[in-house]
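J.: One letter stands for each residue in the lines below.
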Amino acid sequence: MKISSVQIFWMMASMEIGMTVLLSMSPSIGDAKQDAWISMLIATSAVLLIVFIATKLSLLYPNQTLIQFSQIILGKWLGKIIVIPFFVMWYTVTGIILRQSSDFLHLALFRRTPLWAIILLALILMVYATYLGGIEGIGRCSEFLGPVIIIALTVVLVLSVKNMHWTRILPVYHDSGGAAILKGAISPFSFLGESVMITMLVGFMSKPQEALSRAMWGVGLACVFLIGTTLGVILTFGSLAAKMWYPFFDMVRYVSVMEFIQNIDAVIVVVWLCSVFIKLSLYTFIASYGTAQWLGVTNWRKLIWFVSLIVFILALVPANADVSSIDYPTKFWVPYVVPINMVGIPLLLLTVGTIRKKWAK
Amino acid sequence: MLDTDVSINERVLRGVFQNCSDVIFRSIMAGKIKMLFVYVDGLIDTKMLDQVVLKPLLFEGMPNGMERVRSVSQIVKDQLIAIAETKVVHKISEVVEGVLKSKLAILIEGEGAALVADLKGFEKRSVEEPAAEIAVRGPRDGFTETLRVNTALVRRRIRSPKLKMESSTVGSLSQTDIVIAYVEGIVQDSVLNEVRERVQRIQIDSVLESGYIEEFIEDHPYSPFPTVQNTERPDVVCASILEGKVAIFVDNTPFVLIVPLTFWTGFQAVEDYYERFGYSTFIRFIRLVLFNMSLFFPSLFVAATTFHPQLIPTNLLISIAAAREGVPFPAVVEALLMEFMFEGLREAGIRLPKPIGSAVSIVGALVIGEAAVQAGIISAPIVIVVSTTGIASFAIPRYNFGIAYRMLRFPMLFMAGMMGLYGVAFVALMIFIHLVNLRSFGIPYLTPVAPQIPGNLKDIFWRSPRWTMTHRPALISGKSNKRLPEGQKPSPKRGRNSK
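Chain order of the listed sequences is E and Z. Going by the UniProt record's numbering, the first sequence opens with residue 1, and the numbers climb by one from there. Going by the UniProt record's numbering, the second sequence opens with residue 1, and the numbers climb by one from there.
Be a bit skeptical, because a hint or two may be false.
Stated by the list, open to error - Calculated lysine-lysine pairs in the DSSO-like style (CA-CA distance at most 27 Å, straight line):
| hint | chain 1 | residue 1 | chain 2 | residue 2 |
| --- | --- | --- | --- | --- |
| 1 | E | Lys183 | E | Lys331 |
| 2 | Z | Lys120 | Z | Lys55 |
| 3 | E | Lys243 | E | Lys33 |
| 4 | E | Lys33 | E | Lys358 |
| 5 | Z | Lys482 | E | Lys207 |
| 6 | E | Lys207 | Z | Lys458 |
| 7 | Z | Lys120 | Z | Lys91 |
| 8 | E | Lys162 | E | Lys56 |
| 9 | E | Lys358 | E | Lys76 |
| 10 | E | Lys2 | Z | Lys47 |
| 11 | Z | Lys47 | Z | Lys101 |
| 12 | E | Lys207 | Z | Lys479 |
| 13 | E | Lys358 | E | Lys56 |
| 14 | E | Lys2 | Z | Lys479 |
| 15 | E | Lys357 | E | Lys207 |
Rather than coming from a laboratory, the hints here were simulated on the basis of the structure.
Please take these sequences and the hints and turn them into a complete structure.
T.: The structure is reproduced here in structure tokens:
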């Protein structure tokens, strides 16, 4: 299984766009009001730093995944223990993404369809993609769907221009102030920070030397669209957007061109589904492959069944959309996952790894 | 082994060909020597046999002054060599094989050997315009049922010793001739070896059409999508093998197989390369749209009308709702019924004799288009949807691609009826995941889009001018993939001295 640098680029871009645009915007606008786009800029630069650290770390041992090189850097047992938080992150977040996306579909399109049916179909898709193609197949999917997502989002943004009023971003900075803007950056940062999964992907690249630039560009592209859509939403709704569940989606609902192109929200849901599908398949792959390496199982495909079962149960656990979309990010993701998995462990591994490599010389 | 006594040989051969009324045994006396001619009636050029072989032997006898010649067979061979390829054989089984392969066997008294002469002369269809792939501009010749005619049509276009044609036989009973054609230096060795191996591996009693071979060598037997291309056109075969693909000719069928096949070939019609590139690009774009329509249109209609009416502009929705008023079925059932009827009509139209075939379509159009709508059993919009889908599916240049999409329309319709747009997206993504993971002889099905090969997109979504397509498809062709030197854009200034 080998993936090309083009695939890494599109994987990062298409995986990041969907959930971030859908969910990270409204808390950010809640904190920073019309200055949320500045928060997005801050989040972008912070995330690019994360990607830089994570990629540099994986380039220490370019043909290995996180599970393997953590054991080289810290020794067998310590290396195995230190990746446990990652497993917690991967398993839970896959379940939560599945739940959040199904919740969204449930609210947006099918109020009468049972939730588990939506979850099950999404689960079938991700298991099928992972089982059939592994990381190579997912790479090809994203290579094809990535441009589709980008084009669709661009078209939607262009169509919405008519409803935007630039005066709504005024006054810049004055209303909210630095602290609020920084606080608003937390939500998009926590979403975009998922690109730390690059530590599991570089090992599969046929040209790992290109990993750094491609991953940064991929995440960068997603960030550009995040900033663009945030601006669009603010220009359309002002700070009212903070009260909406899915402000971007509502902006699309607002589109009306020539009395004919109206209510294109269902189309955007489908496009967005593509992004979530790639993200879910990537997490399924990483979780199964990582678990297999951790346990020393040679056939990682067997573990897909195990992973998908856990993910399915986890997706059904939250009682309602509040738990999955608000409690999980604020009570678990931001206070634990962000500092430990996205910043702490990669930095620690990078420092120890670099020192070890220097000593070895 | 053959006996020196012809009558003994004859008895053995008559035993082998017992009850084979088409095998002819003719004994003649050439001078004092008895000769036996064995051949299959209808497979031998009898005119040639009479005039060139029999007449000189019977009337002129053995040439004079030939006593010192070693054997009679030597003389016959020398006489016959002028008109045909001749071989001396010594075994009964070889004689039988020769006779069955439409050759003439000559057994001569006093010699333990027989001559097998190639006097092939069976009826064959002349080269005609291919029926399945039609082009307004382009060569009109199509393959026939005769293997040698087919290979000659290709050889006439590529007059290079680099064009190789390896032959073999498949089928324990049918002994069908198969030729693997490729251009040395362009073909990828891994693909070629794979083709050779897969063809050699086939164990079957008979091969009656290239479809038999296709089923044994394809990569994904359970996939609805074809991974082997078939064509009736020599120019398509030439263009393909010049891209580094491998063609498989099978005797007795005008359909030649080409491997590897990629998804995008489905949109490429021959004429794209003969017409001006601007028009070809435009037409290809229309084809792409229609291709997707043939898969998605009915399901999107059902999903939109039943689950997401907000997607349809209000005026349109009102007229659809008005037309659907009084129709007893839900939209899915209606669409499924109509699609089913449409497929039935198409099948009936193809299979029936031509004069009745047109009657079927008239009846179908009148009954379903007019009467059923007026009776209020089905609604007019669904007739429009289904017929549009039908037209769209006819716009796919490769027949077997169209079949795949026609089949996949039904599960999609079913899911659209259950889950709306989400169901459509679900089936579409399932198909997509499947396509992404398909391979044809080691080549990913969606190249050069996924995996992306940027330089090769010139012939996929649009058709670039010929002078820009300087390289052959990278993954398909082998080492030398340079097609033409760059900088050949035509311009009045080129070639003149610049002053």
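J.: All hints are to be evaluated individually against the structure, with a verdict given for each.
T.: Hint by hint, here is what the structure shows:
1. Lys183(E) x Lys331(E): holds, 15 Å
2. Lys120(Z) x Lys55(Z): Holds, because 19 Å separates the two Cα atoms, which is no more than 27 Å.
3. Lys243(E) x Lys33(E): holds, 11 Å
4. Lys33(E) x Lys358(E): violated, 48 Å
5. Lys482(Z) x Lys207(E): Holds: Lys482(Z) and Lys207(E) sit about 25 Å apart, inside 27 Å.
6. Lys207(E) x Lys458(Z): Answer holds: Lys207(E) to Lys458(Z) is near 25 Å, not above 27 Å.
7. Lys120(Z) x Lys91(Z): OK: Lys120(Z) and Lys91(Z) at ~21 Å, within 27 Å.
8. Lys162(E) x Lys56(E): violated, 43 Å
9. Lys358(E) x Lys76(E): Since the Cα atoms of Lys358(E) and Lys76(E) sit roughly 20 Å apart, the hinted pair holds (cutoff 27 Å).
10. Lys2(E) x Lys47(Z): Violated - the C-alpha atoms of Lys47(Z) and Lys2(E) are around 65 Å apart, more than 27 Å.
11. Lys47(Z) x Lys101(Z): holds, 19 Å
12. Lys207(E) x Lys479(Z): holds, 21 Å
13. Lys358(E) x Lys56(E): At roughly 15 Å apart (the allowed maximum being 27 Å), Lys56(E) and Lys358(E) satisfy the hint.
14. Lys2(E) x Lys479(Z): holds, 22 Å
15. Lys357(E) x Lys207(E): holds, 21 Å
Violated hints, in rising order: 4, 8 and 10; the structure is consistent with all others.
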